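Residues per chain, in single letters:
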Amino acid sequence: MHASSVEWRIGGDQGEGIDATGDVFATVAARLGYHVYTSKFFSSRIKGGHTHYTVRLADVPVRAPAARVDVLVALTQETIVRSLPELGPGAPIIADAAFRSEAPVGGGRVVSVPLTAIAREIGTTLVRNMVAVGASAAVLGLPLSEFARYVEEKFARKGATTVRQNLDALERGHRLAMGEAGPALPPRAPGDRVLLTGNDAVALGALAAGCRLMAAYPITPATDIMETFADLAPKFGGAVCQMEDELAAITAAIGAGYAGARVMTATSGPGLSLMQEGIGLASMAEVPVLIIDVQRAGPSTGMPTKNEQSDLMAAIFGGHGEGERIVIAPATPEEAFADAQLAFNLAERYQCPVILLSDLALGVFQQTVNPGALVSLPADRGQVLAAPDAGFARHHVTDDGISPRTLPGTPLGQYLATGVEHAPSGKVSEDPANRTAQVSKRQRKLLPLQASADALRLEGTVGADIVLVGFGSTSGAIAEAAAALSESVRVGTVQVHQLWPLPAGQLQKALRDARSVLVVEQNSTGELRQLMRVAGLDGQRVHSLLHSDGTLLRPDAIEAAAQRLLAREAV
Amino acid sequence: MHASSVEWRIGGDQGEGIDATGDVFATVAARLGYHVYTSKFFSSRIKGGHTHYTVRLADVPVRAPAARVDVLVALTQETIVRSLPELGPGAPIIADAAFRSEAPVGGGRVVSVPLTAIAREIGTTLVRNMVAVGASAAVLGLPLSEFARYVEEKFARKGATTVRQNLDALERGHRLAMGEAGPALPPRAPGDRVLLTGNDAVALGALAAGCRLMAAYPITPATDIMETFADLAPKFGGAVCQMEDELAAITAAIGAGYAGARVMTATSGPGLSLMQEGIGLASMAEVPVLIIDVQRAGPSTGMPTKNEQSDLMAAIFGGHGEGERIVIAPATPEEAFADAQLAFNLAERYQCPVILLSDLALGVFQQTVNPGALVSLPADRGQVLAAPDAGFARHHVTDDGISPRTLPGTPLGQYLATGVEHAPSGKVSEDPANRTAQVSKRQRKLLPLQASADALRLEGTVGADIVLVGFGSTSGAIAEAAAALSESVRVGTVQVHQLWPLPAGQLQKALRDARSVLVVEQNSTGELRQLMRVAGLDGQRVHSLLHSDGTLLRPDAIEAAAQRLLAREAV
Amino acid sequence: MATVTLQDFRTAEKAWWCPGCGDFGVLAALQKALVAQGVAPHETVIVAGIGCSGKIGNYVNSYNIHVVHGRTLPAALGVKMANRDLLVLAVGGDGDGYAIGMGHFVHAARRNINVKYIVMDNHIYGLTKGQNSPTSDRGQATKATPLGSVEASVRPLTLALAAGATFVAQGFSSYQDQLARLIGAAIAHKGFAFVNVLSPCVTYNKLDTYDFYKQALHDLDGDAAYRPESRAAAVAKVMEKDDLVTGLIYKDPESVPYEDALPGFAREPLAGREMQLSPEEVAGLLAGYR
Amino acid sequence: MATVTLQDFRTAEKAWWCPGCGDFGVLAALQKALVAQGVAPHETVIVAGIGCSGKIGNYVNSYNIHVVHGRTLPAALGVKMANRDLLVLAVGGDGDGYAIGMGHFVHAARRNINVKYIVMDNHIYGLTKGQNSPTSDRGQATKATPLGSVEASVRPLTLALAAGATFVAQGFSSYQDQLARLIGAAIAHKGFAFVNVLSPCVTYNKLDTYDFYKQALHDLDGDAAYRPESRAAAVAKVMEKDDLVTGLIYKDPESVPYEDALPGFAREPLAGREMQLSPEEVAGLLAGYR
Ligand SMILES: Cc1ncc(C[n+]2csc(CCOP(=O)(O)OP(=O)(O)O)c2C)c(N)n1
Ligand SMILES: Cc1ncc(C[n+]2csc(CCOP(=O)(O)OP(=O)(O)O)c2C)c(N)n1
Ligand code: SF4
Ligand code: SF4
Ligand SMILES: [Mg+2]
Ligand SMILES: [Mg+2]
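If you're matching them up, the sequences are chains A, B, C and D in order. Under this note's numbering, the first residue of the first sequence carries the number 878, and numbering increases by one thereafter. Under this note's numbering, the first residue of the second sequence carries the number 878, and numbering increases by one thereafter. Under this note's numbering, the first residue of the third sequence carries the number 257, and numbering increases by one thereafter. Under this note's numbering, the first residue of the fourth sequence carries the number 257, and numbering increases by one thereafter.
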């Protein structure tokens, strides 16, 4: 393992507080100065059914789950069964005494702690998980004091009894597991890290960008964006309009974008499908609007709680006719924070819909983020005329294809915005020459994006034996695989950040030297690979690693695929 | 001109009976034994605004408008102005005396006939257009008797006075224009041709295939399918359900397909966008359903009365996630009739949504069709179990990926169909191994379509200097351009009939020898060309001819583009 | 087939709702009604929406189609049009039916297709974990409206009556006998039959509880002064009672279902029949195009 | 600005409706109402739907956005939320509003955003050349129902009242003064205001003609016995009269518009303001994530 990291997991039934417990553990780990990456397994149901929450602690930034679970807290037998294949040899399994006798535990080793009994003694089974946290701290050699401080802070408003019970639970769990051998991490200087999901980061980034309005309809895994925004925006004069469906959400957003507000909507695949017609309206009427798509496993309802990156083609090509769209995909919460701002700048500068393509893993799993890495971008509000002259024509055919607009309320700026093809004035027109001029004007607008400075994020592509290409949350696993591979080969990575317009020339250049290219995607048809082909990038040396079974793609799987490819090429 | 053909046009304001008059002319021309291709220019408004109706008569099948208008009937000055660029040298312009003085008439020559005055004399201005038809017959040397017969037949139910007035109008117009020189066509033996639009052919083909149910929402240019079906289906026990929107239309169709009926819906671009979510459900739940998309100029509302072929990507890639779809595109009414039947066979055999991609030109312009060419296909109802055994599992993982289904009403065949990922039984499942098995089962189903016998329609591709590739109604113009080109070079044509799954291997083979390839499409981004790239077909020798200004692409434009390309290659 | 029993309508799967969820009661009453009406499992189709409620189909041993969010009613129409011999039930939540599905609800009501529509109305979005639904109370704090919702609630009964529904009833998950009876009456009705069921979400809705309903509900079936025969009286009553009623609210005895009213539409199922046209029939149709 | 005149609200374009189309009257009354209310063209936004009716925006010199079919109301909400100082009008046809747009109609009514909704109701699909619309009469033959429609008609007034609308009125394209007055009152209302306008389609609807309406309509404004203050009475009246009324049907004097009711929502327009957070504000928000 290139980095010193430890993976802790707690598993049990939904509704048993697994999430809350995971949050405690992750937060304290972050406070202790570790880099933290969390991931969750959960189902589309409210109570019951297996769930687990995994926290990876490391001394370098990690953006993916590890190959093995090092410590497992098992509240149910099912937890052990399900996590078996991932358990490291000799990994401690902290579990109630009841489990001791039940085989198999695979490579693991049960550290039996009477979690429930202790909780009952303390007076409430609600603290059962906290006993396990105390035990985990002991096994991992983490200072209990930091857990205690957390409990004192966060549980204070629940009253002194609650605080005392939880502290008690922590201590008793800790005491019982002291001396149990476990993987240890070097202690770190306490850090100023925050724990953010991509969804948090998008909501915060939008607020930072001056967005005060969101029109949306709940859907897993995008709902948190709306909930976070509903919590925070009113403090800054903003609001969430919970609409009746996604058709209403996108159209409300377009109305607000037309009127001059920074506005967003957020959804997942099914909602993206429903928004396709509206997105086309924004393309045609040249209205800035931001759509967040937090992808989940499709098609149709698919697997709503499982990760996938399978809306790429739909985000780009999903509308009837040929409307202009910009699609960007952040890989980390930091990028999500920046991209929410960037997306508004792009939407207003280019007067078109921007799709921020996130995914479930990025969207809902917490990671540590250095607050200093949450960068504020200056706002680019695009070309807006405060005092239009008499000849004002909304869709004036300009060299760069961008036509200055007026906002409703501006005297003498009245015009008709429409999804029908129109003359420069905005009036409906079916004239063939006008059609050609308007189509090419709209297409021309986006040409400069071919040269976007941050369209691609390259690492070591020059003279590489193998280049790993990916987008979105997969980039974290790719980076880790690349680090591991770099011990034996020259390996490069390309994160395609601006997916559309695809920066074909830049990509061509980045891949020129590579002896082989592996495009890594969490879907079943290789959508990025297909896009690369459209851009003229392909040939024998380009290969795909596809993963779409609903589990997270792990760095070790990428590493193995790359090794196989290198071995094959070497023949 | 390789074929002896004449193009007649009548133009005026909407609401002035231009359509009805064009129909008379086209029908009589067909009865006279000519091959007829019609096309219309019209707008999204009911009355007023320029419109024209063009009828091309030829002694060989023609599937595209000609390069020049040979005879123009102008009911308004605007008609002349608009048709100027298309008027052949010396082409007679039949117009009221009032127009005589108004210049310019370009290469045309006004044959002044007092249309309105004569009609007034006859007693109703309603017959004005019939005076023009009589005059046209004279100029073109067509026998007036056949027009008279038509009037007697079709106007009989309107009463003797109407018949007499129309006959009178025909004769007086004929008399006044006799002796005016005009292009003449060799007389033909009366033929048994019918005049069909692609929309007619789809509705008839669906009925012929045993479809008795359509759920739809009106939209130009697809509405006729619904209206024709509403007229005819009740005679055979069928019905149209006019739904409240396209979301309802697609879902109603899915319900009916699930229950075992052959069912269709028809729409145009905006409706296709709204149906994307539903189509994904059909893919996931493996429900047969037929969606007709009669494309029009997009994006958004676009130009609803103008032709375009710009929904190709949306038809294939428009849904979120990765659902299986089959997309076929007929080029002629004969193919549309066959394809409606084929589509049902494919949908039921492969248990997935089939999109029949038509376009405005194919959909709403009448053409002559030999009834013998309207072929009935045997029905393939797919694998349906009448008596499922105890182990019945709806989504059983089979070698060919096709799982026999039961229809509701079948004892012991109960199962859950769902858009959620499911186990073979149909029950919801998030198990990774099951996910992989089901995804690959669904993908595997469509593999045999790579080898479909009629995926491509090839003509002269072997050893060609240039191959013209296209789909849908454009194929007619391509064929005519190829015929013209073939006088100087070896030219091949490829009509891509099955657009998805794209028969990559077959296409590769068909284009292997070509010195250069021109992909001809009526859109602005080269969607077929992009698809070909996805399939690994590209390189220096592949070029695009794109046309998307709302006018019809004419054979001469294709010929010219091919000549330019050949000249460039020759250098 | 032999008489059906409750067992015939059960599946092996255990319902996954939270303990105490109102939907258990809806499932039980539905199964009782099916048995009481003597329909066969294989002749019953349940079209379910997306939501906690939409899982109900998984627990009834009938044909089931679990569609996309909000579209139960058009899908149910399609099933019924394809095979009119089937009993077709659409079931879903209040979000499914009254938010994203509102348009279909109003249109199904006026179209009067012979489909039964059961809404499991918990005044909240359960499956997405507690956002406000169209039937949430004004002022109700939810995850999406932490400071309280400011919208007037949808009144499903009033709306259904205004939309022209020919059968409107409301049940309460705890009142099993009445609910089973109402669903049975809906099944027997010739046309679109709508049963709104108050079905508490014990996890995310702390306002619309069992206790609240037991106190607040007025039973129209037991109200001798009320007769469910006039649309106008029905509207007046449900408006007066703020929709807090149970029982049969309105039934149009003259109701003619859509599929019977459609001119020319076959009286036999379309499904399972081969109806290709003969060459002569095609030729006959072509006569119109000469 | 100086007093506005009718001329200020006119565009150079000539309205393309068929001669005699009811929509001319709606346009004229709308322009009169705008002048009477003294609003400025640049502070007026018309959100128009797709249909013959939807062309109306082309003829009013205001800001206009012509959206996709059926979505005027959500777009209007968006405009109003972005800039609450604007007068926002949504206009469209009966197909646009009551078929594909039905869900939005019901929800806009209950949400009570301060948007004015004018439907040009000709009981037919005009632009697509004569298919039946939700308000077409039962039995009416149209291109899509050659043998007559079999569905009960949507009753927009009843539905709006059932949905919770705080202002409901109906005008007739020929009754110019009343119509202009009703639109003016809608503009003055604080909240969602709905005006259904009977606007005959002379080309495709031969039943709902000017003559028919002149005979059939009952004027509530002139009916001394009627007071538009009770929702229940309003529902009873429109049901009794089969929606064949003109005048102000209901107005809730206590109406609080959505944008005012939303907790924390700014009282100034969002549009035109720079509201980026300062680094300190971002840092403050991050405190919640430690
Ligand atoms: C198009 C679409 N949008 C959103 C969702 C997410 N979603 C799933 S269930 C649901 C609403 C659940 O509420 P309700 O219908 O009342 O059912 P309940 O869970 O309360 O029974 C939503 C919004 C979805 N699946 N599809
Ligand atoms: C999504 C979508 N579906 C269908 C259409 C086609 N369409 C245009 S206008 C219209 C209905 C017109 O009727 P109505 O709204 O009553 O307006 P009117 O023309 O009668 O004023 C339809 C169905 C469309 N433009 N978009
Ligand atoms: S969340 Fe509510 S509606 Fe869903 S299962 Fe639990 S109690 Fe029932
Ligand atoms: S078709 Fe009807 S609604 Fe449309 S403009 Fe003509 S009269 Fe008016
Ligand atoms: Mg609910
Ligand atoms: Mg209308």
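Hints in this document: simulated from the structure, not taken from any laboratory. Do not take every clue at face value.
[What the hints assert, rightly or not] Computed Cβ-Cβ distance ranges for the label pairs, DEER-style:
1) C:V512 <-> B:K1035: 35 to 43 Å
2) B:S1302 <-> A:D890: 36 to 44 Å
3) C:D475 <-> B:V1274: 26 to 34 Å
4) B:G1340 <-> A:L1335: 52 to 60 Å
5) C:G404 <-> B:S1302: 42 to 50 Å
6) A:Q1260 <-> C:A488: 51 to 59 Å
7) B:L1324 <-> A:P962: 27 to 35 Å
8) C:G544 <-> B:S881: 25 to 33 Å
9) A:P1281 <-> B:L1324: 46 to 54 Å
10) B:R1026 <-> D:H474: 51 to 59 Å
11) B:T1001 <-> D:H474: 34 to 42 Å
12) B:E998 <-> A:Q1320: 52 to 60 Å
[What the hints assert, rightly or not] Below are the BS3-like pairs computed for lysine-lysine, each with C-alpha atoms no more than 25 Å apart in a straight line:
13) B:K1304 <-> A:K924
14) C:K385 <-> B:K1304
15) C:K399 <-> A:K1031
16) D:K385 <-> B:K1031
17) A:K917 <-> B:K1031
18) B:K1112 <-> D:K446
19) A:K1112 <-> C:K385
20) B:K917 <-> D:K470
21) A:K1112 <-> C:K270
22) C:K399 <-> B:K1304
[What the hints assert, rightly or not] Covered by chain C, according to a simulated footprint, are these stretches of chain A (three or more residues, beta-carbon under 8 Å):
23) 903 to 912
24) 924 to 936
25) 986 to 995
26) 1205 to 1217
Source: prediction; values computed, not measured. Every residue gets a Cβ at the ideal spot worked out from N, C-alpha and C, and that includes glycine.
Hint check:
The hinted range of 35 to 43 Å is satisfied by C:V512 and B:K1035, whose Cβ atoms lie roughly 36 Å apart. At about 24 Å, the CB distance of B:S1302 to A:D890 disagrees with the hint of 36 to 44 Å. Between C:D475 and B:V1274 the beta carbons are some 52 Å apart, a value that contradicts the proposed interval 26 to 34 Å. For B:G1340 and A:L1335, the hinted distance range of 52 to 60 Å is not satisfied, since their beta carbons lie about 45 Å from each other.
About 44 Å separates the C-beta atoms of C:G404 and B:S1302, a value consistent with the hinted range of 42 to 50 Å. A C-beta distance of roughly 58 Å is found between A:Q1260 and C:A488, which places it inside the suggested range of 51 to 59 Å. For B:L1324 and A:P962, the Cβ-Cβ distance of about 31 Å falls inside the hinted range of 27 to 35 Å, so the restraint holds. A hinted range of 25 to 33 Å holds for the C-beta pair C:G544 and B:S881, which are about 30 Å apart.
For the hinted restraint 46 to 54 Å between A:P1281 and B:L1324, the CB-CB distance of approximately 52 Å keeps it satisfied. Separated by about 55 Å at the C-beta atoms, B:R1026 and D:H474 satisfy the suggested range of 51 to 59 Å. The supplied range of 34 to 42 Å is met by B:T1001 and D:H474, whose beta-carbon atoms lie about 41 Å from each other. Remark: the range hint 52 to 60 Å for B:E998 to A:Q1320 is upheld by a beta-carbon distance near 55 Å.
Between B:K1304 and A:K924 the alpha-carbon distance is near 19 Å, which keeps this suggested pair within the 25 Å criterion. Of the pairs offered as hints, the one joining C:K385 and B:K1304 holds, with about 23 Å between alpha carbons and a cut-off of 25 Å not exceeded. Under the criterion of a C-alpha separation no larger than 25 Å, the hint pairing C:K399 with A:K1031 is consistent with the structure, at around 20 Å. Restraint check for D:K385 and B:K1031: the C-alpha separation of about 23 Å stays at or below 25 Å, so the hint holds.
This hinted pair does not check out: A:K917 and B:K1031 have alpha carbons roughly 73 Å apart, beyond 25 Å. At roughly 54 Å between alpha-carbon atoms, B:K1112 and D:K446 are farther apart than 25 Å, so this suggested pair is violated. Between A:K1112 and C:K385, the direct Cα distance comes to roughly 24 Å. Compliance with the 25 Å bound is thereby established for this hinted pair. Pair hint B:K917 plus D:K470 does not hold up; C-alpha atoms about 40 Å apart against a cutoff of 25 Å.
At roughly 45 Å between alpha-carbon atoms, A:K1112 and C:K270 are farther apart than 25 Å, so this suggested pair is violated. A threshold of 25 Å between alpha carbons decides the hint, and for C:K399 with B:K1304 the separation of about 30 Å lies outside it, so the pair is violated. Note: the stretch 903 to 912 of chain A has 0 residues with beta-carbon separation from chain C under 8 Å; the three-residue rule is not met and the coverage is violated. Evaluation of the coverage hint for the stretch 924 to 936 of chain A: fulfilled, as 3 residues show C-beta separations to chain C shorter than 8 Å, against a requirement of three.
Only residues whose C-beta sits within less than 8 Å of a C-beta in chain C count toward coverage, and the stretch 986 to 995 of chain A has 0 of them, not enough to reach three; the restraint is violated. Three residues within the 8 Å Cβ limit are the bar, and the stretch 1205 to 1217 of chain A against chain C gives 0, so the coverage statement is violated.
Hint compliance for this structure: hints 2, 3, 4, 17, 18, 20, 21, 22, 23, 25, 26 are broken, all remaining hints hold.
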